[in-house]
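Kindly produce the complete structure, drawing on both the sequences and the hints.
In the working numbering, the protein residues as written are 7 to 620.
Each hint should be verified, as a subset may be incorrect.
Stated by the list, open to error - With a Cα cut of at most 30 Å, we get these calculated DSSO-like pairs of lysine-lysine:
hint, residue 1, residue 2
1, K93, K230
2, K52, K521
3, K109, K96
4, K490, K83
5, K147, K109
6, K122, K190
7, K521, K393
8, K93, K430
9, K122, K230
10, K52, K109
11, K83, K96
Unchecked claim - FRET-style restraints, in silico, Cβ to Cβ:
hint, residue 1, residue 2, range
12, V337, K83, 50 to 58 Å
13, V337, L481, 53 to 61 Å
14, L421, T458, 32 to 40 Å
15, L408, A429, 28 to 36 Å
16, L588, L408, 44 to 52 Å
Simulated from the structure, these hints should not be mistaken for laboratory data.
No experiment lies behind these values; they were computed from the predicted model shown.
Glycine is no exception: its CB is placed at the ideal position from the N, C-alpha and C atoms.
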Amino acid sequence: MISYLFTVIIAAASVGFTVWGFSAGPRRLSATKEKGDSCPPAAFHKPAPMTKRDFLPLAVICLVYGALAFIGLGDTKAPESYYVFSKGAKATVELSQAADIQKLFYFSGPDVGNYKLETSVDGKTWLTQADLEQGYNDILKWHTYDFEADYENIRYIRLSSLSSALHLGEIALYDRSGERLTFKTVNELTDEQELVPERASYLNSVYFDEIYHVRTAWENIVNKSPYEISHPPLGKLIISVGIRLFGLVPFGWRFMGVLFGILMLPILYVFIKNLFGSTLIAACGTTVFAFDFMHFVQTRIATIDTYGVFFILLMFYFMYRYFVLPYDTPVKKTLPWLLLSGLSFGLGAASKWTVIYGGVGLGLIWLIRQALCLRWDIAAAKQDNRKLSFGGYLTSTILWSLLFFVILPVFIYVLSYYPYGLAKNVKLFSPEYLKIVWDNQTYMFSYHSGLTATHPYESRWWKWVTDYRPILYYLDYFEDKVTKSAFGAFGNPLFWWTGLGAMISMLIKTIRGDKLAAFILIGYLTSLLPWVFITRCTFIYHYFPCTVFLALALCYLFSDMCRRTKKRYDRLVPIFTGLCLLMFIIFYPVLTGIRFSIGFTNAVLRWFGGNWPF
7 MISYLFTVII
17 AAASVGFTVW
27 GFSAGPRRLS
37 ATKEKGDSCP
47 PAAFHKPAPM
57 TKRDFLPLAV
67 ICLVYGALAF
77 IGLGDTKAPE
87 SYYVFSKGAK
97 ATVELSQAAD
107 IQKLFYFSGP
117 DVGNYKLETS
127 VDGKTWLTQA
137 DLEQGYNDIL
147 KWHTYDFEAD
157 YENIRYIRLS
167 SLSSALHLGE
177 IALYDRSGER
187 LTFKTVNELT
197 DEQELVPERA
207 SYLNSVYFDE
217 IYHVRTAWEN
227 IVNKSPYEIS
237 HPPLGKLIIS
247 VGIRLFGLVP
257 FGWRFMGVLF
267 GILMLPILYV
277 FIKNLFGSTL
287 IAACGTTVFA
297 FDFMHFVQTR
307 IATIDTYGVF
317 FILLMFYFMY
327 RYFVLPYDTP
337 VKKTLPWLLL
347 SGLSFGLGAA
357 SKWTVIYGGV
367 GLGLIWLIRQ
377 ALCLRWDIAA
387 AKQDNRKLSF
397 GGYLTSTILW
407 SLLFFVILPV
417 FIYVLSYYPY
427 GLAKNVKLFS
437 PEYLKIVWDN
447 QTYMFSYHSG
457 LTATHPYESR
467 WWKWVTDYRP
477 ILYYLDYFED
487 KVTKSAFGAF
497 GNPLFWWTGL
507 GAMISMLIKT
517 IRGDKLAAFI
527 LIGYLTSLLP
537 WVFITRCTFI
547 YHYFPCTVFL
557 ALALCYLFSD
567 MCRRTKKRYD
577 RLVPIFTGLC
587 LLMFIIFYPV
597 LTGIRFSIGF
607 TNAVLRWFGG
617 NWPF
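What follows is the structure, given as structure tokens:
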């Protein structure tokens, strides 16, 4: 009942803020509010510059977000001295004294295969207990094997590899009373007993798609052929940087995601400030985005989506700076923005194919820019009684754009496969190397187009925009039966629902000829519409790129509110931001996985009749 009431209140608040935005008066063409600024005659908008007032709120947002994102990210220590098995190899450990064994607790390495588990009283006669499977979804996790019966006076444990090149981290044994036993033998399996946790959790083990991306990041480091090849390589290469810095530990493989999540914030802040010229709007808009549930959760998991969104944000920001240049700007002065946008596009495409959807948006904005330049040149030529100069301008722009948005991204994309070639001892850009790249493209297309697998938390695009179906990443109930640990990816409904209303206003403004609204709308639709026609299994985290444009549309709504004649409307912006932060605090347990009351989550946090699964 409480969750229903909560849903209605938030929905009403979203509608209220949206209606206020719709009823705002017309906005001026220039976003600049600084005294003395004036746009050149050929410009429809001049980006507002950053000022000294902006750096304090930006620093506070980044520091607070960074602190909260790094807290509880994952253990900074994990077993790192692995016992490496060749096929048929055996590892024997001796207990300090004979004991009645009830449980084996062990940390699996990044390989897949099988072990044979045996026990012995005297080290001569062995009893086979089980074949322990280490499948692809079992890597880099703590596992428990419960002996089917209590075995008395066991002194020796033996593990034999049934596969080749298997890594096993640490093992621990427990007796009937739950006490951890000590070992007489000290080897790679028993030398880090202080790192054995009380229980397996997301803090010390991989979860969800980390089983693919972390393993592949490690394989890139040790020069092995990668396991996860259904996405381009760059995202996994970025993850591997964190592993190189901190080791193959949870904090290490999740570090780069949080870092890129932090780096998004100053980019978005500058973007909003350039667009709307207000420190208040930039600070509030960036805060809402920073503490959106999707941004917070996705940047804390070692998957590749964060890097795609980061580069989408960058490439659209640089395209915005190109889009709003005065129409009479010489070609050479437009090139830095085009180069940076193309570079960001290339890096994004090499991280995840979904960035290419945004690339279509860049192309549409580029075409609109050329049409605007042509229209301006026709009017200027008529006024000055001269010939059109647009032809030469367009030819030069096309040639440079082909270099920046086709040749450069292709070069980056192919270069990102360097670890693939290195693992097979193939020279960079050789025919064999290019074949590896091409074969992977055909595999990826075949994989994604032919995917028929289902998932209990899959969802279609319309469930994303309504925030109807989160994806559950982790769920673990504690022995007391009144607390649990759970978290998943979804959006702050106050932000997403109001942002959706703001996006509808972008459509109306676009129809009325507002170019900045059109820019925001194009970014949103090109990130969303391809998913409307995709019938394979999809998830709400595919909506992550769209949240960048929801934030921009929301800030447009803020800007319209602040331009009203009555000053009190300015207060609505920080009030809305405060409510979004309050939502973050309320939902914090199911964003981080901290141990929390089952009763509270069921009563307050499971919206839509319990459809939210945590």
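- Message: So if I understand the rule, the pair passes when the alpha-carbon distance is 30 Å or less; does K83 with K96 pass?
- Response: The given pair, whose Cα atoms are some 27 Å apart, holds under the 30 Å limit.
- Message: Check whether the Cα positions of K521 and K393 lie no farther apart than 30 Å.
- Response: 27 Å, holds
- Message: Hint check: K52 vs K109, CA-CA at most 30 Å. Holds or violated?
- Response: 68 Å, violated
- Take the C-alpha atoms of K109 and K96, compute the straight-line distance between them, and say whether it is at most 30 Å. Holds, because 20 Å separates the two Cα atoms, which is no more than 30 Å.
- Does the hinted range 32 to 40 Å hold for L421 and T458 at CB? About 33 Å separates the Cβ atoms of L421 and T458, which means 32 to 40 Å holds.
- Query: When you check the alpha-carbon spacing of K490 and K83, does it fall within 30 Å?
  - Reply: Holds, because 24 Å separates the two Cα atoms, which is no more than 30 Å.
- Given the hinted pair K147 and K109, is their alpha-carbon gap at most 30 Å? 16 Å, holds
- Evaluate the given range 28 to 36 Å for the C-beta pair formed by L408 and A429. The hinted range 28 to 36 Å holds for L408 and A429, with Cβ atoms some 32 Å apart.
- Under the criterion that the straight-line Cα-Cα distance not exceed 30 Å, is the pair K122, K230 satisfied? 25 Å, holds
- Message: What's the verdict on K93 and K230, does the C-alpha distance respect the 30 Å limit or exceed it?
- Response: 18 Å, holds
- Query: How does the Cβ-Cβ distance of L588 and L408 compare with 44 to 52 Å: does it lie in that range?
  - Reply: 49 Å Cβ-Cβ, so the 44 to 52 Å window holds.
- Task: For the pair supplied as a hint, K122 and K190, confirm whether the alpha-carbon distance does not exceed 30 Å.
- Result: OK: K122 and K190 at ~21 Å, within 30 Å.
Comparing the model with each numbered hint stated earlier shows that hint 10 is the single one that does not hold.
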